[in-house]
Amino acid sequence: MRLVLRGGRLLDGAGDRGVHDLYVRDGVIEGLDLGGAVDQEVDAEGRLVTPAFLDLHVHLRDPGQEVKEDLASGLAAAAAGGYGTVVSMANTDPVVDDPGIVADLVARAARVAGARLRPAAAISKGLRGEELTDMAALRAAGAVMVTDDGVPVADSRLFRSACEYAAELGLVVQTHSEEPSLRDGGVMHESAVSQRLGLPGNPDAAEAVMIFRDGEVARLTGARVHLAHVSSRRGLEVATWLKASGAPVTVEVTPQHLTLTDESLAGFDPVYKVAPPLRTADDVAALRAALAGGAVDSIGTDHAPHTLAEKQQDMLSAPFGIANLEVAFPLLYTRLVAAGELPLERLLWLLQDGPARVMGWPAPRLDPGAPADVTVLDLETERAVEGARFRSKAKHTPWEGEPLKGWPVATLVAGRAVHLAG
Amino acid sequence: MIGAAAQVPPPPTPPAAAARRHRHLLDFTDWTAEEVVSLLDTAEVMAQVLARPVKRVPALQGYTVATLFFEDSTRTRLSFERAARAQSADVISFAAGGSSLRKGESIRDTLRTIEQLQADLYVVRHPSAGVPHQLARWTNGAVVNAGDGRHAHPTQALLDAYTLRAALTAAGLPPAERERPFTGRRLAVVGDVEHSRVARSNAELFTLLGGEVVLCGPAALLPRELSRLPGVHLTADLREAVTGADAVMALRIQHERLGPKRLPSLAEYVARYQVRPAHLELAAPHAFVMHPGPLNRDVEVASELADGERSLVERQVASGVPVRMAVLYSLLVGKK
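Going down the list, the sequences are from chains A and B. Positions 1 to 422 (our numbering) are the ones given, in order, by the first sequence. Positions 1001 to 1336 (our numbering) are the ones given, in order, by the second sequence.
For the record, the hints were derived by calculation from the structure and aren't laboratory data. Keep in mind that the hints are not guaranteed to be accurate.
Straight-line distance between alpha carbons at most 25 Å, and here's what the computed SDA-like set of lysine to any residue pairs gives [claimed, not checked]:
#1 K1261/B - G129/A
#2 K1261/B - D184/A
#3 K393/A - A292/A
#4 K1261/B - P180/A
#5 K393/A - W1138/B
#6 K393/A - L1111/B
#7 K393/A - D1109/B
#8 K243/A - P1175/B
#9 K393/A - Q1048/B
#10 K405/A - E1105/B
#11 K1261/B - L316/A
#12 K393/A - K1261/B
#13 K395/A - K1261/B
#14 K1261/B - G186/A
#15 K1261/B - A205/A
#16 K1261/B - A154/A
#17 K1261/B - R128/A
#18 K395/A - R1137/B
#19 K395/A - A1136/B
#20 K395/A - T1139/B
#21 K1261/B - V209/A
#22 K405/A - E1240/B
With the hints as extra help, turn the sequences into a complete structure.
Written as structure tokens, this is what we have:
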């Protein structure tokens, strides 16, 4: 199988390589402008050709919650969003706390046309925060990360042990850093807005406190701790201090925390209910300012699909989460890069080299011999977000109708076009 | 009965055009003082109707009002139903305590079912803030918020304003400004402010009508962020809160719901925050005592005050029907 991406501008972490035909053969990049017969040709003229994105934080709801999402819909959604690799979270039903479940995910994902799946496994059995999982067996079955994401690990002793095992096994520990008793029953950021709306608040202190604990335990054990979805100025400041003082932590931020505020909740629409909660404009400004420097290591989507009926419950009952794999890049490109706030190269770094470095994976490149995981971006055409066109089963989105640029028009995974727009 | 009712003329004052601008009463976010005052004036006309031998007018004949209570409240529901029937509307009651709703069923699903009954107006109470707003987005009918979580209870605030305006007028202190009847007046609200939709709606309405509001309670139940609302002050000191107040409103304490992490003991609360005669001496000479009910006797307010001559507690309850009549009338008439 030989394929050519014709006439695109090539850009990766090594720099701008100019306009070329990129040839791909048998799953790997073959070279530039080679000519010769191909099985498939993809027009990339006027488009940007760049390594497919890595997302260390998606909820694919498989096994057990296929009404929300499954491997086929979730990995297709990822590919449509320009992603070539995603790390799936363990809070499924049953929880991914057993090597058999990991192996089954890996095997089934290999048969799906979409992004590559690298599953995360749980830190604690059943995400109950009481007993450690068998991390060595989980790793052997294919798990690349351990996390109880969705449920903060309340027990510090258990968290310490988890970090000790993970450090020895070379697994990344990802944390959902919110102190549970301070978070309490909060359904949105605690602020003047939550008080006006009469909705139970979740203060930024809950995040800052837990990031501090998680970071100090990382320092104590030497585990590589990836702080998921840092959402507040206070949380970010603690994380930045931890990094500066040598703790082995990395920081993830999400598209929603970079673009939406707690004022979005004023209409009482659970589509904006997410954990951690949408914060204030000041928090958004702090996160955005941190993107350009070294304070943020990766952008993860925290793609968290739910059914429309679940999201049309009341604000207390509706589940947390925003499905966003298919709008993440256009949203960030339009709001940050096209708006002149962030260089394109930096946004790409946060979706490519940044997450690769967090995981200890090779930096994705367009070099001969590298895996042919490539995305083609149309940075010019403006198109309104249409949830109805999502490959994800969750077709409701906070950005419905918003005109965005930067749509992924093609995504190759292992040399195969798993997404082709139009 | 129907025949007799038909001979009674409808209320003489039609709702002000301003009040008709609104399809729903969810909270007072988009309401002007003038619109609220026109509602209070309409409620006075309704009170005259209720003073007649035949307490019924045909104003809402042919309309259907549905009460949707996802949380028990017999008093509020009966008050709304009485307000609807006194205007000859048909009434449908839908009571759905948590258990009767299928788990996972969305409130939109529930609404779809109820909409088959073709009501013109839905009176909604729900334990979650925002449900009336959500239903208002999905239905063609009018929605009246009868209490949503900690967020709002606008008809309670309206009946409190109606009661206090009348009491001040009767005491020889009529409003200096018709459109802002509480200009220069101060309301002290005492108790579990954080969990109280009554406190929030009263803070919103009383300040809209020109007054100042002091919110008072134990610090753990007094959200600092509420002081950002214009015209609203916070204090944990009851004596400071009541000093110079024109009315002192005590909120219902639900100790069993709060638990020992939020409130050490009921005895401590009573010692520090019960409104007693000595407090009223610090207030304005004419100051009134209010409570949204139901009253925990000798917890929030000393009985001698709750039962005393400056208490408006019974008049608050009595104001519920005319005020809710005015709300239903203003939202429905002229819309069909």
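TODO: Hint by hint, work out which the structure violates, then give me just those numbers in ascending order.
DONE: Going through the list in order, the structure violates hints 3, 8, 9, 10, 12, 13 and 22 and respects the others.
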